[in-house]
Amino acid sequence: MVDITLTVNGAIRTGSAEARKTLADYLRDDLELTGTHVGCEHGVCGACTVIVDGLPVRSCLMLAVQAAGSEVTTIEGLAPDGGLGPLQQAMWDSHSFQCGFCTPGFVMQATALLSHHPDADEQQIREALSGNICRCTGYQSIIDGVLLAARRLRQPAGQGE
Amino acid sequence: MKLPQFDYQAPQTIAEAIELLAKYEDDASVLAGGQSLIPLLALRLARPAVLIDINGVSDLAGLSLAHGQVTIGTLTREYRAEESDVVADRLPLLAAALPLIGHAAIRSRGTVGGSLAHGDPAAELPAVALALDATFVVRGATGERIIKAPDWFEGYLTTARRPDELLIEVRFPAAGPGTGASFVEVARRHGDFAIVGLATSLTLADGRISDARLALAGVSDVPVRAAEAEDVLIGEQPSAALFGEAARRATAGLDPPADLHGSADYRTKIAATLIRRGLRGAADNASERQANG
Ligand SMILES: Cc1cc2nc3c(=O)[nH]c(=O)nc-3n(C[C@H](O)[C@H](O)[C@H](O)COP(=O)(O)OP(=O)(O)OC[C@H]3O[C@@H](n4cnc5c(N)ncnc54)[C@H](O)[C@@H]3O)c2cc1C
Ligand code: FES
Ligand code: FES
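Heads up: the sequence lines are chains D and W, in that order. If you count by this note's numbering, then the first sequence holds residues 1 to 161, one letter each, in order. If you count by this note's numbering, then the second sequence holds residues 162 to 454, one letter each, in order.
A hint or two may mislead.
[Said to hold, decoys possible] Straight-line distance between alpha carbons at most 16 Å, and here's what the computed EDC-like set of lysine to aspartate or glutamate pairs gives: (1) D:21 to D:32; (2) D:21 to W:214; (3) W:163 to D:81; (4) W:430 to W:420; (5) W:163 to D:29; (6) D:21 to W:168; (7) W:184 to W:325; (8) W:184 to W:214.
Honestly, the hints are just simulated from the structure, not real lab data.
This is chain D alone, in the form it adopts within the complex (with noise of 0.2 Å):
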C-alpha cells in the first residue's frame, strides 16, 4: 500500500492506496464517490470522466497513487449544495439523458471543454464528446444541452431565453 494525499472536490484526502488501485476504483470505494462511473475499464468509453489540474482525464487510465498531490474534480463537486449547476441545468432541461450511466462522464468532459473554451461551437462540442459514448440517447440532447449551457453561461444572468 502506498500513502496518498490528495484534494478531491475541494477537501483534503489523506488515505492508502495499492499501487494496482485506479483512480476510479479509489474515487468509488474509498471515497465513496461514486457518482463516477466506471463502464468499460480501459479507456474506450469515458464514463469514468474527471477532471485532474483543469484537464479531463480517464479515471479508469490513471493510478490512484499517480493522482497524489493533485487536484480532482468528480460529478460530486459540481454542484456541493445537493443541487444542480449552470451545465447540469441546461442538459436537464434538453432532456439530454436517459438511464444515466453515461451522464457523469459528459457532464465532466463538457465541463473541462467549457471552462476551457466558453464560446464552443456545435462542431468543437461534438468533437470534445467524440469519447465518451451513450447507448440511449442517440447524443442529440446531450449537445442540444452543453451547447444550451454554452448560451446561458455566456448571458448575464436575468437576460434571454
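Add chain W with the ligands to chain D, keeping to what the hints say.
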C-alpha cells in the same frame, strides 16, 4: 477488469529510472501517460512484474527549438505539444496529427514519447516521425544511442529500444515557411485509430516541389514511407494529375493487412485517395505558410 499486481517504482530522476531499468530489464515496463499501457494491463495483454512510473521525472518533459531542430522530451503530453507555438510554427505536420489522436481526455495524459515507444503501426505519431526522419535518443546504463526513425520501427509494437533503455527525447527537423503539411486519415469514428492514415510534408520553392515526404499508417506492421510517390513529385509543379500519378505509384506495391475494419483491397483504395487528398492539403498549407511566413 482490475489491473494485475505489480511492483510500483516512481523514480524522480533520469539516472534513477535508468538504474531501475538496468535492474529489471524485460520484467519492467515504463509507465508514461498510461493511455496504451494501462489498457494492456487491464486486458492482461501485458504482465510486467514492475512498473517504472516516469511521470515524476520532470527533466523528461519539455519542448525546445535550436539549430533548426525541435527537440521534444519523451514525457511531453500530447495536449502540451498541441498547444505549443513552436509546434504550430515549425512542425506543421505534428500540429496536424496531434488533434487526431484519440480524444481530449486521452491527450491530457498521453505523451509524445509514449506513442512513439509503443509503435502502433496505425497511430499518427509514428508516421509523422518516419516522414520527417526524426531522431530518437535513448539512454541505458552503458550510455546513449541515437537512432533514426527508419531503424526505430522494427515491427508490430516493436522498436529498436533495448529493454534496459529509456527513450529520452525525439528530435524533428524544423520546417521553414515554404513547407506545408497535412495529416489525413480514414477512421470508423472520430478519435479511433486510423484504418489508414497519411502524413504528408511538401516543400515548395519557386512553385515547384523541392522536398516531398509521405508516410502511411495502417498498411503494414510498421509505418511505411511512400518513396515511389516522393520520387514522382520532386521537381514538379503541384497538380491533380501529378498527385494522381503519385497515388498510383505509391499504392502499386502495397500489401496491407486485412482485418475486421477492412480488406487489403479496401485499404489500398483508401491509401490512394488519401495520397491525392493529403498532397492537395499539404500543397495548400505550403502556399498559406509561404504567404504568412
Ligand atoms: C480510447 C483511446 C483512443 C486512442 N486513440 C489513439 C489514436 O487514435 N491514435 C494514437 O496514436 N493513439 C491513440 N491512443 C493511444 C494514445 O495516443 C497513447 O497515449 C499513446 O499511444 C501512448 O502514450 P502514453 O504516454 O500513454 O504511453 P504508455 O501507455 O504509458 O506507454 C506505452 C508504451 O511505451 C512504453 N514507453 C513509454 N514511454 C517510454 C519511455 N520514455 N521509454 C521507454 N519506453 C516507454 C511503455 O513501456 C509502453 O510499452 C488511444 C488511447 C485510448 C485509450
Ligand atoms: S471506464 Fe474509463 S473509459 Fe470506460
Ligand atoms: S443515457 Fe443511457 S448510456 Fe447515456
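Item to check | Structure versus earlier hints, numbers of those that do not hold, lowest first | outcome: Of the numbered hints given earlier, the structure breaks just one, which is hint 3.
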